[in-house]
Structures are given as C-alpha cells and as structure tokens.
Amino acid sequence: GPKVLQIPSHQIIDMGQMVTLNCDPVSNHLYFYWYKQILGQQMEFLVNFYNGKVMEKSKLFKDQFSVERPDGSYFTLKIQPTALEDSAVYFCASRQGGAEQFFGPGTRLTVL
Amino acid sequence: QQKVQQSPESLTVSEGAMASLNCTFSDGTSNNFRWYRQHSAKGLEVLVSIFSDGEKEEGRFTAHLNRANLHVSLHIREPQPSDSAVYLCAVSGSNNRIFFGDGTQLVVKP
Chain Y
1 GPKVLQIPSH
11 QIIDMGQMVT
21 LNCDPVSNHL
31 YFYWYKQILG
41 QQMEFLVNFY
51 NGKVMEKSKL
61 FKDQFSVERP
71 DGSYFTLKIQ
81 PTALEDSAVY
91 FCASRQGGAE
101 QFFGPGTRLT
111 VL
Chain A
1 QQKVQQSPES
11 LTVSEGAMAS
21 LNCTFSDGTS
31 NNFRWYRQHS
41 AKGLEVLVSI
51 FSDGEKEEGR
61 FTAHLNRANL
71 HVSLHIREPQ
81 PSDSAVYLCA
91 VSGSNNRIFF
101 GDGTQLVVKP
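Those protein sequence lines, which keep their order, are chains Y and A.
Letter by letter, the first sequence follows residues 1 to 112 of this note's numbering.
Letter by letter, the second sequence follows residues 1 to 110 of this note's numbering.
Take the hints with a grain of salt, since some may be wrong.
[To be verified] No more than 20 Å apart at the CA atoms, straight line, and that leaves these computed lysine to any residue pairs for SDA-like: (1) Y:3 / A:45; (2) A:3 / Y:47; (3) Y:57 / A:93; (4) Y:53 / A:96; (5) A:56 / Y:98; (6) Y:57 / A:45; (7) Y:62 / A:97; (8) Y:78 / Y:54; (9) Y:59 / A:95; (10) A:56 / Y:100; (11) A:3 / Y:38; (12) Y:57 / A:3.
[Unchecked claim] Selected chain Y positions facing chain A (Cβ under 7 Å, derived; list incomplete): (13) 42; (14) 43; (15) 45; (16) 83; (17) 97; (18) 103; (19) 105.
Since the hints were made in silico from the structure, they are not lab data.
Note that the structure is a prediction, hence the values are computed from the model and not measured.
Idealized CB from N, CA, C, for every residue including glycine.
Whole structure, please, built from the sequences with the hints as guidance.
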C-alpha cells in the first residue's frame with residue numbers, strides 16, 4: 001500500500017536545541033498530520049496542514065512548534081527550542097481527499 | 001472533546017483462540033472507526049475500517065460497531081504469535097481528526 005516515510009527514525013538532542021523532523025508523504029496526498037505519542041501513553045493529534053496552511057492544531061502544538069512543506073518536498077515539524085517534555089515518538093500521516101490517513105513509522109525524539 | 005477508551009489494557013490468548021478487544025467513545029456523531037496494529041518501532045497498520053452499524057470483516061479481523069452504545073469491537077479469528085502487538089482504536093468525525101485509545105497489548109502464545 002501507500003507508504004509514508006519519516007527521517008530520521010531516532011534523534012537525540014540536548015534541551016534547548018532546535019530539531020526538524022521530516023516526513024515524506026504519499027506523493028499525491030494533500031492533507032498532512034503530525035501526532036505525538038509519549039512512551040506508554042495515548043497517541044495524540046498535534047496539527048493538520050493543507051494547502052500551505054495549518055488547518056487545525058491541538059493544545060499540544062506549542063508556540064515552539066512549526067510546520068511547513070516548502071515546494072512540495074518534505075512535510076516538516078520543527079521544534080525550537082526543545083524541552084524535556086518533547087521527548088516522544090512523532091508520527092506523520094497523510095491522506096488524499098478521503099478519510100483514510102496513512103501513517104509513517106514514527107521518529108523517536110529524545111531530548112536530554 | 002472526544003474520549004476513546006479501550007479494554008482490556010492487555011490480553012493474552014493461546015494461538016487459535018478468538019481474541020476480542022473493546023473500545024468505547026464519547027462523541028455519538030463520530031462516523032469513522034478504525035482498528036490499527038502497532039508493532040514496536042514500526043508504523044500503524046490499518047486492519048479494518050467501519051463506518052456504519054453492524055459488522056465488517058477483513059480476513060481474520062472483524063469489527064462490530066454499535067453507535068447507539070458508543071461501542072466498537074475487534075475480533076481476531078485464529079490469532080497467531082505474529083499477531084502479538086498493540087492494537088489501537090481510532091475514532092474520527094467529519095473533520096477527520098483522529099482520536100486514539102490507549103491501546104490493548106495483545107500477546108498470542110504458541
């Protein structure tokens with residue numbers, strides 16, 4: 001089936017640094033999502049993005065977070081600066097026009 | 001805000017015995033229900049999607065939806081050790097925002 005790729009699979013950084021998580025969505029998909037899953041907890045919605053804009057975001061999407069997809073390349077989640085509580089697995093998803101979201105394998109972010 | 005709860009938290013079954021997982025949700029206007037499987041260090045694998053009351057079968061996986069009771073279940077026929085994983089219930093509405101349950105850890109013993 002369609003595959004969403006995420007790069008890197010694991011990122012370790014020091015608190016206060018900037019990090020960019022990359023998502024390579026399915027090629028003809030138009031809607032993009034980030035979800036956050038803290039170890040042992042529920043996966044939770046962060047943000048969705050369409051036509052170059054944030055359409056909806058949750059309270060977890062702090063001011064330090066930003067998303068973009070410049071020129072149809074990677075859909076990115078940037079965190080600047082990072083905090084300890086940002087340690088989690090971040091999942092990217094994309095969909096075309098229908099409701100089915102296709103998920104990537106996740107990026108495990110560890111903030112020291 | 002939508003609340004999605006799964007039970008049991010963990011389930012151990014013998015190979016070949018039926019496994020049944022439960023999920024309740026709070027928003028009765030939800031219209032899109034999926035069961036995903038999450039193997040460690042891998043992405044989500046969609047198992048079955050269901051949009052109307054009743055039953056939907058995909059291979060060995062059957063979902064039952066009862067929106068009046070705010071309940072959706074997953075039954076796994078003849079489970080195998082390779083089915084051991086975390087199973088996630090996902091509920092969404094017209095805005096396509098997905099709310100996930102906490103997951104059920106399934107262990108299938110040979």
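Cross-check of the supplied hints:
no.	hint	verdict
1	Y:3 / A:45	11 Å, holds
2	A:3 / Y:47	18 Å, holds
3	Y:57 / A:93	16 Å, holds
4	Y:53 / A:96	16 Å, holds
5	A:56 / Y:98	19 Å, holds
6	Y:57 / A:45	24 Å, violated
7	Y:62 / A:97	18 Å, holds
8	Y:78 / Y:54	14 Å, holds
9	Y:59 / A:95	17 Å, holds
10	A:56 / Y:100	16 Å, holds
11	A:3 / Y:38	17 Å, holds
12	Y:57 / A:3	17 Å, holds
13	42	5 Å, holds
14	43	4 Å, holds
15	45	6 Å, holds
16	83	23 Å, violated
17	97	10 Å, violated
18	103	4 Å, holds
19	105	4 Å, holds
The structure does not agree with the numbered hints 6, 16 and 17 stated previously, though it agrees with the rest.
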